[in-house]
Amino acid sequence: MNNRNQKIIRTSVIGIVVNLVLVVFKLIVGLMADSIAIVLDAVNNLGDALSSIITIIGAKLAGKAPDKKHPYGYGRIEYLTSVLIAVIVLMAGLTSIRESLDKVLHPQPASYTAVSLVILAVAVAVKFLCGRYVKAVGEEIHAQSLVAAGSDAFFDSILSLATLAAAVASILWQVSLEGILGLAISLIILKAGVEMLLETLNSIIGERADSELSEKLKEKINAYPEVRGAYDLTLHNYGPTEIIGSVHIEVDDSLTAREIHRLTRQITTEVYLEFGIVLTVGIYASNTSDEKLMEVRRYLERLVGEQEEILQMHGFYGDSESRNITFDLIVDFRADAQRVKEEVLGRLREKYPSVRFDIVLDSDYSD
Numbered sequence: 001m002n003n004r005n006q007k008i009i010r011t012s013v014i015g016i017v018v019n020l021v022l023v024v025f026k027l028i029v030g031l032m033a034d035s036i037a038i039v040l041d042a043v044n045n046l047g048d049a050l051s052s053i054i055t056i057i058g059a060k061l062a063g064k065a066p067d068k069k070h071p072y073g074y075g076r077i078e079y080l081t082s083v084l085i086a087v088i089v090l091m092a093g094l095t096s097i098r099e100s101l102d103k104v105l106h107p108q109p110a111s112y113t114a115v116s117l118v119i120l121a122v123a124v125a126v127k128f129l130c131g132r133y134v135k136a137v138g139e140e141i142h143a144q145s146l147v148a149a150g151s152d153a154f155f156d157s158i159l160s161l162a163t164l165a166a167a168v169a170s171i172l173w174q175v176s177l178e179g180i181l182g183l184a185i186s187l188i189i190l191k192a193g194v195e196m197l198l199e200t201l202n203s204i205i206g207e208r209a210d211s212e213l214s215e216k217l218k219e220k221i222n223a224y225p226e227v228r229g230a231y232d233l234t235l236h237n238y239g240p241t242e243i244i245g246s247v248h249i250e251v252d253d254s255l256t257a258r259e260i261h262r263l264t265r266q267i268t269t270e271v272y273l274e275f276g277i278v279l280t281v282g283i284y285a286s287n288t289s290d291e292k293l294m295e296v297r298r299y300l301e302r303l304v305g306e307q308e309e310i311l312q313m314h315g316f317y318g319d320s321e322s323r324n325i326t327f328d329l330i331v332d333f334r335a336d337a338q339r340v341k342e343e344v345l346g347r348l349r350e351k352y353p354s355v356r357f358d359i360v361l362d363s364d365y366s367d
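Quick note, in this note's numbering, the sequence shown goes up one by one and the last residue is 367.
Keep in mind the hints are simulated off the structure, nothing from the lab.
Virtual Cβ for every residue (Gly too), placed ideally from N, Cα, C.
Please note: incorrect hints may appear among the correct ones.
[What the hints assert, rightly or not] Ranges of calculated distance between the beta carbons of each label pair, as one might list FRET restraints:
{"id": "1", "residue 1": "229", "residue 2": "345", "range": "21 to 29 angstroms"}
{"id": "2", "residue 1": "28", "residue 2": "70", "range": "43 to 51 angstroms"}
{"id": "3", "residue 1": "309", "residue 2": "50", "range": "44 to 52 angstroms"}
{"id": "4", "residue 1": "349", "residue 2": "229", "range": "23 to 31 angstroms"}
{"id": "5", "residue 1": "165", "residue 2": "32", "range": "12 to 20 angstroms"}
{"id": "6", "residue 1": "280", "residue 2": "216", "range": "12 to 20 angstroms"}
{"id": "7", "residue 1": "272", "residue 2": "28", "range": "17 to 25 angstroms"}
{"id": "8", "residue 1": "50", "residue 2": "139", "range": "51 to 59 angstroms"}
{"id": "9", "residue 1": "50", "residue 2": "219", "range": "40 to 48 angstroms"}
{"id": "10", "residue 1": "216", "residue 2": "252", "range": "50 to 58 angstroms"}
{"id": "11", "residue 1": "50", "residue 2": "6", "range": "15 to 23 angstroms"}
{"id": "12", "residue 1": "50", "residue 2": "259", "range": "56 to 64 angstroms"}
{"id": "13", "residue 1": "6", "residue 2": "32", "range": "37 to 45 angstroms"}
Sequences are here, hints too, so could you generate the full structure?
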């Protein structure tokens, strides 16, 4: 088992122990004081403990080595465990709403003691510190489930603090805020569950590559003296730490196959060592000796610069013998890409009627 999975399991075990202890103490205080808010808070802690158990199971399954049936490994299981955790949170929220409504419609005074108030105050501090620790570990090792658990724990500490405030209000002014506070807690739990579910579903569907990561990758690749540009960067994750991608680099058409082989090997090796990404490198040849083709390229660059809907032009290459020129266009997702392509093609044919142009429409996968 790798070090990352060990950290996930160790942190989750700490979370389980802390939450179970809080469940016991809060249930005792809630039942003795007849406080629905404290009982719901205890149920929420029990859900957190269950979430940590699911996180451990997910980490163990996700850590399995790739095999013939799943050559990319099992890393995406972590996303499925996050979905389960989100469903548990949503169910807890719905249950809390039902119980809280009953308390609003049939209010009963709660009775607190000094000991119960001290226990609640300690629970607030413990939950806050536990949440900070879990979230920090999750951010350090890029574990989405731990980050979500840590954020959830932070909100729980705020809710527990509100419960404590309601208890103080009940003692000082004989006002019952249990049902109303229970509804507020329920709505916050539901909101957290929906946000957690949406975030995980976005990861499963496939999100745009992280801007900071894509910029660092392109900066790394463009630093090689033979590379005139890096384009078409795509990244696919098979779990939080397993990323496979591809990129096209533009090089002079005078480079030999041996030189291109050395360059692409160097790029893939150094990118993997620095970023842990398995990258496939494709080649765009760039005309370096034909001035007529270079003039066409300059005209095309001016033409593209006039079109706000076109984000980029790359992969330009012309064959002077066949009088064929190919290039790629990246068009804004909000625009009609086919219309933009036809407009550019029409302008080029008008300017260079004897040249054949082949335009490939690329998608805006990364910055």
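Results of checking the hints against the structure:
{"no.": "1", "hint": "229 / 345: 21 to 29 angstroms", "in the structure": "23 angstroms, holds"}
{"no.": "2", "hint": "28 / 70: 43 to 51 angstroms", "in the structure": "46 angstroms, holds"}
{"no.": "3", "hint": "309 / 50: 44 to 52 angstroms", "in the structure": "49 angstroms, holds"}
{"no.": "4", "hint": "349 / 229: 23 to 31 angstroms", "in the structure": "26 angstroms, holds"}
{"no.": "5", "hint": "165 / 32: 12 to 20 angstroms", "in the structure": "19 angstroms, holds"}
{"no.": "6", "hint": "280 / 216: 12 to 20 angstroms", "in the structure": "18 angstroms, holds"}
{"no.": "7", "hint": "272 / 28: 17 to 25 angstroms", "in the structure": "54 angstroms, violated"}
{"no.": "8", "hint": "50 / 139: 51 to 59 angstroms", "in the structure": "23 angstroms, violated"}
{"no.": "9", "hint": "50 / 219: 40 to 48 angstroms", "in the structure": "43 angstroms, holds"}
{"no.": "10", "hint": "216 / 252: 50 to 58 angstroms", "in the structure": "25 angstroms, violated"}
{"no.": "11", "hint": "50 / 6: 15 to 23 angstroms", "in the structure": "21 angstroms, holds"}
{"no.": "12", "hint": "50 / 259: 56 to 64 angstroms", "in the structure": "58 angstroms, holds"}
{"no.": "13", "hint": "6 / 32: 37 to 45 angstroms", "in the structure": "40 angstroms, holds"}
Hint compliance for this structure: hints 7, 8 and 10 are not met, and every other hint is.
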